[in-house]
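Chains A and B supply the protein sequences, listed in that same order.
The opening residue of the first sequence carries number 1 in the numbering used here; numbering runs sequentially from there.
The opening residue of the second sequence carries number 1 in the numbering used here; numbering runs sequentially from there.
Just so you know, the hints here were simulated from the structure itself, not pulled from any lab data.
For every residue, glycine included, the Cβ atom is placed at its ideal position computed from N, Cα and C.
A couple of the hints might just be wrong.
As the list claims (entries may be wrong) - Anything over 10 angstroms on all C-beta distances counts as not near chain A; from chain B, calculated: (1) Tyr-32; (2) Glu-66; (3) Ile-102.
Said to hold, decoys possible - Simulated crosslink set (DMTMM-like; lysine to aspartate or glutamate; CA at most 25 angstroms straight-line): (4) B:Lys-48 <-> A:Glu-83; (5) B:Lys-65 <-> A:Glu-169; (6) B:Lys-47 <-> A:Glu-83; (7) B:Lys-65 <-> A:Glu-302.
Chain by chain, the residues:
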Amino acid sequence: MVCFNNGTISSYYGGDLKMLEITDLSFFILKIIIGTIGLIAFGIVFGLIYKGVDRKLSAHMQGRIGPPVRQPFRDIVKLFTKENIVPDNAIPWVYNLAPLIGLIATMTILLYLPIGGFNPLLSNQGDLILILYLLLIPSLAMVIGGFASGSPYATVGAQREMATMIGYEFPLAIVIVTFAWALGNQSLAPTVIQGISGAAEPVVLQNTFSLAVISGIPIWGTVGIIGLIGIIVLLLALLIVTPAELSKIPFDTPEAETEIAGGLLTEYSGRNLGIFYLTDAVKTVVMASIIVALFFPWNLAELLSIEDPIWLVYVLNIIFFLIKVLIVIIFSVTLIRVAIARLKIDQIVYTYWLWITLLALVGLICIMWDQQMIVSQWNFLDGYQPIVSYLGL
Amino acid sequence: MLEWIEPLIKTLTTDSGFWNPLVWGIVFIISYLVIYIVRGMGKKEYKKDTGQTQVFLSGNPEYDKEKMHVPGANVYWGFTEALKWLYNKFDKMHTGNVSDYILWFVLIMGLFLVIMVVI
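Using the sequences and the hints given, assemble the complete structure.
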């Protein structure tokens, strides 16, 4: 028997497998430094590209030509050449620090996510709960920046952002916990995990909140038909949480240009506004990457059974990952913001606390029910089994 | 040479989760330095003590701070408005009469006892 721990299969020796195993500390620190800089570049470049694609697509959906895909890059350059005005009423150090903290916190999340088919750079140093908390920081930074602006519009926007955060956190937490519960449940037989992960021996899962574990064991293969419905419902809930997390229409009341003149960003200009602009772009990549890691973790090279040459494996996996992220952004951001008008803040709270929470709970109950039926081998035709069993996989 | 650091960067674990604050701190500092350099490329000047440093109020004059203040209680407006059907019912229950509160307490206790006995 072996243990699947944070994405690496190692011999089970009864010791503490969760301890950080570092053989070469200096190499580890170097890896962190290079990895952080590389992922910052990746997040900014692809965040802006996806932002350009989103704007172009939404324009076409509305019968407009729209700006070129490279427009967000031009916007950033333009913002960085503009005056960085600090209002008289503002608390300058908080006002200037808030955009920085927001972007930095968003960047750090990238190191805990499986990007381009690779294991997370810090797969042993943080789990999904940490990501859930880190996701709060950019929104809180915007709230603090809004309050520090000393503008009534920004204050109203900051208050709305807080209400929206309280609204969407509950269904988001349900989705995350469901995943960890489903994978950590005892009903998942070691042989089932062995079959899905391709391990040589039966596997016992540990640290099911680890994204490396979750993306290593695609949840679709562990459930029956009812669980499949549950996963689709959870995916739907997370797709609806995403635009609120990113303050996109219809959940963009904190900014609401036509009502409160940009809300918490009203007073921001120049490089500070540019940093918030980058935060939005990178956070879009982060949210889409989380959805990909949870729901669509497959790699193209593995699907096509390509193992050599190694550069081809990397290229295929990275391109496939970028396409998956793009598709998620189109469905969770572009389509929704084009199709639906802005909701009022009470409608947002009502939507999340009632309908989306109920939706997430239905998904949770379906998966719990499904696992129970697999355990009891409920008699339905030839027995209730994971879908992979029906497909002969 | 760097062995003394190793105990400091052990990952904190519970039965279900784990994270390493020190590694996150290192990543945070590296990111801060990079983003700070990027931010430094932007223009930092602006015209102090001019009209551009006044808050934007759609052309309206700025009144005293006390008159412009947005109360913190407004945060909850979205919730009270969205769930007013529920809050209105709760409002009616708050009669201020202790006898009513004790009656509620006894009723809920009775309900729980019934549930516990049945289950």
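Taking the hints in turn, this is what the structure says about them:
{"no.": "1", "hint": "Tyr-32", "result": "violated (5 angstroms)"}
{"no.": "2", "hint": "Glu-66", "result": "holds (12 angstroms)"}
{"no.": "3", "hint": "Ile-102", "result": "holds (31 angstroms)"}
{"no.": "4", "hint": "B:Lys-48 <-> A:Glu-83", "result": "holds (11 angstroms)"}
{"no.": "5", "hint": "B:Lys-65 <-> A:Glu-169", "result": "violated (33 angstroms)"}
{"no.": "6", "hint": "B:Lys-47 <-> A:Glu-83", "result": "holds (8 angstroms)"}
{"no.": "7", "hint": "B:Lys-65 <-> A:Glu-302", "result": "violated (63 angstroms)"}
Hints 1, 5, 7 from the earlier list are contradicted by this structure; the remaining hints agree with it.
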